[in-house]
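Trainee: Here are the chains, one letter per residue:
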Amino acid sequence: MNSSLGRPNFLNRQSFIELNARERANVLMDVGSAREFLGPFDRIESPWLAAQGITPQADDGCVVIKGRIAGQAAVAVALEGAFQGGSIGEVSGAKMTAALEFAAEDNARGIPTSAVILLETGGVRLQEANLGLAATAEVMNAVLMLRRHAPVICLTAGTVGCFGGMGLVAGLASYVVMTREGRLGMNGAEVIQEENGIEEFDPSDRALIWAIHGGEQRQALGLVDALVEDDVNAIASAVQALIRKGVPATHRSSEIDLYRRRIQSLDPSHQWEPREFRNWWSNRLAEDRL
Amino acid sequence: MNDFAGKRGRAWFHALTGQSRPMEGDPASVLVADADLGGDRARFLCVVPNPGGRFPCARHGEVGLEEAWTLAARVHEITRPNGSGAKQPIVALVDLKSQAYGRREEIAAIYLAAAGAADAYGTARLAGHPVISLVVGQALSGGFLTHGYQANRILAFDDAGVMIHAMHKAAAARVTRRSVKDLEALASKIAPMSYDIRDFAKLGLLHKLLHPTNPDLPTREDVAMVQAELIAAIEDARATPVDLRNRRESKEAEATRRASRLVYQKLSEQWHGPSGKI
Numbered sequence: 001m002n003s004s005l006g007r008p009n010f011l012n013r014q015s016f017i018e019l020n021a022r023e024r025a026n027v028l029m030d031v032g033s034a035r036e037f038l039g040p041f042d043r044i045e046s047p048w049l050a051a052q053g054i055t056p057q058a059d060d061g062c063v064v065i066k067g068r069i070a071g072q073a074a075v076a077v078a079l080e081g082a083f084q085g086g087s088i089g090e091v092s093g094a095k096m097t098a099a100l101e102f103a104a105e106d107n108a109r110g111i112p113t114s115a116v117i118l119l120e121t122g123g124v125r126l127q128e129a130n131l132g133l134a135a136t137a138e139v140m141n142a143v144l145m146l147r148r149h150a151p152v153i154c155l156t157a158g159t160v161g162c163f164g165g166m167g168l169v170a171g172l173a174s175y176v177v178m179t180r181e182g183r184l185g186m187n188g189a190e191v192i193q194e195e196n197g198i199e200e201f202d203p204s205d206r207a208l209i210w211a212i213h214g215g216e217q218r219q220a221l222g223l224v225d226a227l228v229e230d231d232v233n234a235i236a237s238a239v240q241a242l243i244r245k246g247v248p249a250t251h252r253s254s255e256i257d258l259y260r261r262r263i264q265s266l267d268p269s270h271q272w273e274p275r276e277f278r279n280w281w282s283n284r285l286a287e288d289r290l
Numbered sequence: 291m292n293d294f295a296g297k298r299g300r301a302w303f304h305a306l307t308g309q310s311r312p313m314e315g316d317p318a319s320v321l322v323a324d325a326d327l328g329g330d331r332a333r334f335l336c337v338v339p340n341p342g343g344r345f346p347c348a349r350h351g352e353v354g355l356e357e358a359w360t361l362a363a364r365v366h367e368i369t370r371p372n373g374s375g376a377k378q379p380i381v382a383l384v385d386l387k388s389q390a391y392g393r394r395e396e397i398a399a400i401y402l403a404a405a406g407a408a409d410a411y412g413t414a415r416l417a418g419h420p421v422i423s424l425v426v427g428q429a430l431s432g433g434f435l436t437h438g439y440q441a442n443r444i445l446a447f448d449d450a451g452v453m454i455h456a457m458h459k460a461a462a463a464r465v466t467r468r469s470v471k472d473l474e475a476l477a478s479k480i481a482p483m484s485y486d487i488r489d490f491a492k493l494g495l496l497h498k499l500l501h502p503t504n505p506d507l508p509t510r511e512d513v514a515m516v517q518a519e520l521i522a523a524i525e526d527a528r529a530t531p532v533d534l535r536n537r538r539e540s541k542e543a544e545a546t547r548r549a550s551r552l553v554y555q556k557l558s559e560q561w562h563g564p565s566g567k568i
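Note that the protein sequences, when read in sequence, are chains P and V. Letter 260 of the first sequence, counting from 1, is numbered 260 in this note's numbering, and no numbers are missing. Add 290 to the 1-based position in the second sequence for this note's numbering, that's all there is to it.
In case anyone wonders, no lab produced these hints; they're calculated from the structure. A couple of the hints might just be wrong.
Simulated coverage check for chain P against chain V, where a stretch passes if three residues somewhere in it have a Cβ under 8 Å from a Cβ of chain V [what the hints assert, rightly or not]:
| id | region |
| --- | --- |
| 1 | 28 to 37 |
| 2 | 135 to 146 |
| 3 | 174 to 186 |
| 4 | 193 to 201 |
| 5 | 231 to 245 |
| 6 | 252 to 261 |
Glycine included, C-beta positions come from ideal geometry on N, C-alpha and C.
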């Protein structure tokens with residue numbers, strides 16, 4: 001912005017990653033339009049954690065803020081990565097489901113309302129296991145219901161990343177926004193190591209983790225709609241642009257033939273080096289579009 | 291427990307469809323067939339182990355990249371809008387280990403493949419196709435989210451070999467730093483953590499528990515009973531909304547999912563009240 005004055009641009013940046021979930025959801029909203037629903041003062045907490053010696057949080061690590069983005073009604077639902085790893089419990093899951101379902105109902109009533117889901121989460125909260133898994137299935141249904149009417153934008157900025165069942169939610173989104181610091185996948189390296197050994201995935205190999213799950217690789221594979229800097233203005237602008245774009249003609253998760261053929265032609269006889277994989281996948285993409 | 295994942299799936303798939311081979315072009319790990327069910331022609335889908343599979347981490351009944359995109363394609367091909375308007379029922383037979391945990395899977399975006407299958411099932415349901423999930427064995431974690439959890443109605447066998455859970459015991463014990471024994475003791479006191487299908491039934495997510503005499507090798511009577519229950523669940527699904535509200539409005543959910551219901555009630559008041567006007 002002020003680079004003409006000789007100052008490096010990052011000095012003018014405000015980091016988005018350093019914000020908590022509430023601040024993240026708030027800064028996406030048009031000035032003065034944000035209102036939080038089921039905030040900490042409503043004190044709807046997890047009923048399952050105290051019995052397991054874990055102090056619940058008054059918002060269960062899920063922030064619901066309604067307001068306007070680019071002048072249009074929108075709801076932002078943000079998971080707080082600092083509380084129980086952003087995990088989905090009964091209450092946080094129900095908050096996300098209900099907000100998305102009410103947005104879908106508003107659209108059906110003629111009030112266009114989009115959604116931004118800010119996912120920093122390892123997935124299901126194991127202390128609430130089956131209710132977290134059930135809530136994830138219900139969030140997925142709510143995304144399917146809403147995205148027919150209005151875009152559902154998944155934003156994974158970092159630093160927890162988006163994994164587990166919430167990775168599937170990201171897969172259903174109309175658009176995905178990531179930073180280079182963000183990660184997106186289904187199973188993290190630790191889980192893979194536990195299930196299939198360190199030779200399958202070494203969780204201490206941070207470079208490999210970012211080369212596979214990181215925003216830059218996901219974008220190179222065509223799985224991200226906007227790869228942005230860790231900057232509040234850049235992220236807010238990217239979200240606004242995607243909301244203006246409206247519902248995509250085809251959602252990525254519905255491109256069955258394209259991806260099924262891609263997987264059929266994939267040679268799984270060896271572990272792919274991420275850059276080599278990126279080249280192969282991109283070349284396939286070019287062929288598929290011919 | 292894990293070594294028999296898939297055996298029941300195969301047995302029940304054969305009992306309900308008379309088929310035991312994959313469709314042309316599909317991997318051996320995904321069985322799909324159409325079969326008569328009541329007055330309908332229902333589509334049955336089941337993921338089974340495939341020791342010779344191409345992907346090393348998806349050979350034992352896990353839902354991997356090929357499985358998920360195949361399920362998506364086979365659900366989508368009967369549910370995309372056509373002229374007839376007939377809404378063919380879909381039955382997901384569930385006896386699966388989990389999602390596939392592998393590096394190849396992550397690099398090739400298994401999260402999207404799993405979303406693709408869930409998209410196909412959920413879109414089918416929202417378009418009016420009755421989607422019934424029949425859990426005959428294990429239904430674990432992301433595998434169940436991919437194949438079965440988007441159903442209008444979930445039926446499960448009331449049997450010790452049936453397990454619906456977010457994570458298998460050994461992994462859950464490791465992650466929560468407990469012994470399997472301690473985990474089981476804790477799980478028996480906290481309904482959503484329990485590994486017992488009867489405790490799962492208390493969460494209000496199940497439509498019904500079924501009691502076949504032989505869940506491993508179904509008798510003729512078992513098959514007739516299960517068919518009758520599938521037909522009843524399909525009718526029930528056709529008569530009620532296509533969303534998943536039944537899971538939180540059930541009698542059991544009124545007791546167990548009080549917090550979920552409170553969230554809906556309070557959020558609705560705020561969203562639809564004066565402060566909700568943006």
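Trainee: For every hint, state whether the structure bears it out.
Mentor: Now the hints, each set against the structure:
Look at the region 28 to 37 of chain P against chain V: 3 of its residues bring a Cβ nearer than 8 Å to a Cβ of that chain, three or more, so the hint holds. By the rule of at least three residues with a Cβ nearer than 8 Å to a Cβ of chain V, the coverage given for the region 135 to 146 of chain P holds, with 8 such residues. Requiring three or more residues with a Cβ within less than 8 Å of a Cβ of chain V, the coverage given for the region 174 to 186 of chain P holds, as 3 such residues are present. Chain V is given as covering the region 193 to 201 of chain P, and this holds because 5 residues of the stretch bring a CB closer than 8 Å to a CB of that chain, at least three being needed.
For the region 231 to 245 of chain P, the stated coverage by chain V is not satisfied: 0 residues place a CB nearer than 8 Å to a CB of that chain, which falls below the threshold of 3. Note: the region 252 to 261 of chain P has 8 residues with beta-carbon separation from chain V under 8 Å; the three-residue rule is met and the coverage holds.
When the structure is compared with the earlier hints, a violation turns up for hint 5 alone.
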